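Those sequence lines, one after another, are chains A and B.
To convert, count from 1 in the first sequence and add 116; that's the working numbering.
To convert, count from 1 in the second sequence and add 116; that's the working numbering.
Calculated directly from the structure, the hints in this document are not laboratory data.
On a predicted model such as this, the values are computed, not experimentally measured, just so you know.
Incorrect hints may appear among the rest.
No copy labels: a pair is met if it fits in one copy or bridges any two.
For lysine-lysine, the following DSS-like pairs were computed, each having C-alpha atoms within a straight-line distance of at most 27 angstroms [said to hold, decoys possible]:
#, residue 1, residue 2
1, K300, K284
2, K284, K301
3, K373, K268
4, K336, K373
5, K183, K203
6, K266, K385
7, K241, K336
8, K294, K284
9, K300, K385
10, K321, K397
11, K241, K263
12, K397, K336
13, K397, K300
14, K385, K373
15, K397, K301
16, K268, K150
17, K170, K397
18, K284, K397
19, K321, K198
20, K163, K203
Protein chains: 2
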Amino acid sequence: MALGKSVNVAVVGVTGAVGQEFLTVLAERNFPIKNLRVMASQRSAGKRITYCGKEYIVEDLANADPKGIDIALFSAGGSRSKEFAPKFASAGCIVVDNSSAFRMDPEVPLVVPEVNPSAIKIRPKGIIANPNCSTIIAVVPLWPLHKRAKVKRFIVSTYQAVSGAGAKAIYELENQTKEVLEGKKASPNIFPHPIAFNLFSHNSKIGDDGYNEEETKMRKETHKIFGDSTIRISATCARVPVFRSHAESINADFEMKISPEEAREILSKAPGVKVVDDREKNYFPMPLETSGQDLVFAGRFRRDSSSDNGLAFFISGDQLRKGAATNAVQIAELLLEE
Amino acid sequence: MALGKSVNVAVVGVTGAVGQEFLTVLAERNFPIKNLRVMASQRSAGKRITYCGKEYIVEDLANADPKGIDIALFSAGGSRSKEFAPKFASAGCIVVDNSSAFRMDPEVPLVVPEVNPSAIKIRPKGIIANPNCSTIIAVVPLWPLHKRAKVKRFIVSTYQAVSGAGAKAIYELENQTKEVLEGKKASPNIFPHPIAFNLFSHNSKIGDDGYNEEETKMRKETHKIFGDSTIRISATCARVPVFRSHAESINADFEMKISPEEAREILSKAPGVKVVDDREKNYFPMPLETSGQDLVFAGRFRRDSSSDNGLAFFISGDQLRKGAATNAVQIAELLLEE
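One chain only, chain A, in its complex shape (with noise of 0.2 angstroms):
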């Protein structure tokens, strides 16, 4: 491909959150389209979806023929990816794929544009893997900090949005608070626990080690992505009842001494976060604020009383965007430079 030149681009996965949202950031970011398709499973096919004022039907995915494509979004789910990416890249296109179906694969690289963006080049199997969101939200403020004292642990306590589970899920939180607040009992259903005014563990699988799959995907995608494996990472991960954009709370142990004051003055240059750090009027970053934001918020940086090179610091960032759609079209951008 070639900077200025428009490409063929397909969309796939178009009818979920995270599909809907590539749209969004595609005609925010002007994205040099020559043809959009948009695709999705059986169920959705000839629904209408509008872009840039324009449009365009829903393609059935098991039908549609890849051929032309030269970048395909794809949000649609893990099995979805691992019986169409490759069908897709061997027809010429190149997949950015937001499942988690390749991540780990040694011959699919692992990409935020802001730590690893030449890691696009190798890329075997003509698929690339976008991380997982809380991942991505967290490494994109910890990559500058590792760049200048290298993390050597960190300990992370996630508070994340029910937009991460989809559509339903945000219509789940919705409905259930206003039962809620009528006076009725919860009724969960795509959570296994209620989720207004309560947060509970995140709801997927338990390995042996005690971890859930989220907390391991933090651990292990960081390792891929920073090209270190020798940080040791413990995640917790958490829903609370909030609509959009994750909050994490992080405690990194340094090799080399890093001060607040230096932290965040790394960060305020630093591509991809905003420095929210007001101690005086008590204002940090919320997820209410970062909600429809690319940056991620990064503030309440302090030495961390427990260890001696160590820092704690909050951040927040939406993973509908920067933790999922943003993600995929900053890689796109950077296949257009190529």
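For chain A, the structure is supplied; the task is to place chain B on it using the hints.
What follows is chain B alone, placed relative to chain A:
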């Protein structure tokens, strides 16, 4: 006092969220009350309060004569405690104070009955302090693990309910949530930021070290309660849109090896703790289930993947009950045994 003998009790700050909980807990536990007196600020004086089917008139604290009171349970704010607790104590009554006014006073014991019950015996000022809610909830399950393997360092991130900020904060979450669901803009009043479908760093003053007061309390009070100021502690405290019960994510490093199985076994027999730890069903401590409970629920025990002798776990407890009223009434029960 002597076990089995009824005593004269005063509840000070009876109209507040914790004051109301004092009455509930005293009644539930059949606390042997000879005469009950209820007190509050002038604004609430003259109101009627029902306890065990009998009506009581709220006395104006400023004009109340403490003579004859055996035990006074205070939860009327720090400045009122500072003024009136010493007056009550010099009239011969023992004050159990829920405010932060005396917690770090070396002449005032800071007591969690499951941890340091004998500390109540040395009380030269006649005042015993009830710890901060987040601290109590953390130390109840930490203490048995500390006794077994000696905790060297722990990192905690909290998910704190609004009721810790009083009854008005509960209405604020309810009303603001309704407003947001009706498409209106959230209008914060008690809290500095919108709480409906949002979360933010704990709304207490930030010190020079960047830690807010709630976080500093967790560190300093744990040192005092455990009688060990060598433990390195870092807390991050956040408010979440939950009515009642705090949750906390804890990563603890120990001097000796302790397995998750052993931790689970120890805590399943520990006073004040209920183990809720079903990996198969993804069922762990949740604020909705601990609300109205006296026990601290603990689960998600796993080997900390970032540490050699570390454990990660997740807890939840009702901050109005065990985090305030229940703990104070338990202290009063210890006094009955003297």
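Hint by hint, here is what the structure shows:
1. K300 - K284: both (20 angstroms within a copy, 22 angstroms between copies)
2. K284 - K301: both (19 angstroms within a copy, 23 angstroms between copies)
3. K373 - K268: So K373 and K268 pass the 27 angstroms test inside a copy (12 angstroms) and across (21 angstroms) alike.
4. K336 - K373: both (25 angstroms within a copy, 25 angstroms between copies)
5. K183 - K203: Within one copy, since 10 angstroms is at most 27 angstroms while 86 angstroms is not.
6. K266 - K385: within (18 angstroms within a copy, 42 angstroms between copies)
7. K241 - K336: within (21 angstroms within a copy, 55 angstroms between copies)
8. K294 - K284: Close inside one copy (15 angstroms) and across copies (20 angstroms); limit 27 angstroms.
9. K300 - K385: neither (49 angstroms within a copy, 36 angstroms between copies)
10. K321 - K397: Between copies, since 9 angstroms is at most 27 angstroms while 40 angstroms is not.
11. K241 - K263: neither (29 angstroms within a copy, 54 angstroms between copies)
12. K397 - K336: between (37 angstroms within a copy, 24 angstroms between copies)
13. K397 - K300: For K397 and K300, the Cα distance is within 27 angstroms only across copies (24 angstroms; inside one copy 38 angstroms).
14. K385 - K373: Cα proximity of K385 and K373: one copy only (19 angstroms, versus 42 angstroms across).
15. K397 - K301: between (38 angstroms within a copy, 21 angstroms between copies)
16. K268 - K150: neither (45 angstroms within a copy, 60 angstroms between copies)
17. K170 - K397: For K170 and K397, neither the intra-copy (45 angstroms) nor the inter-copy (46 angstroms) Cα distance is at most 27 angstroms.
18. K284 - K397: between (36 angstroms within a copy, 21 angstroms between copies)
19. K321 - K198: Result: close within a single copy only, 20 angstroms intra versus 51 angstroms inter.
20. K163 - K203: Close inside one copy (24 angstroms), not across copies (75 angstroms); limit 27 angstroms.
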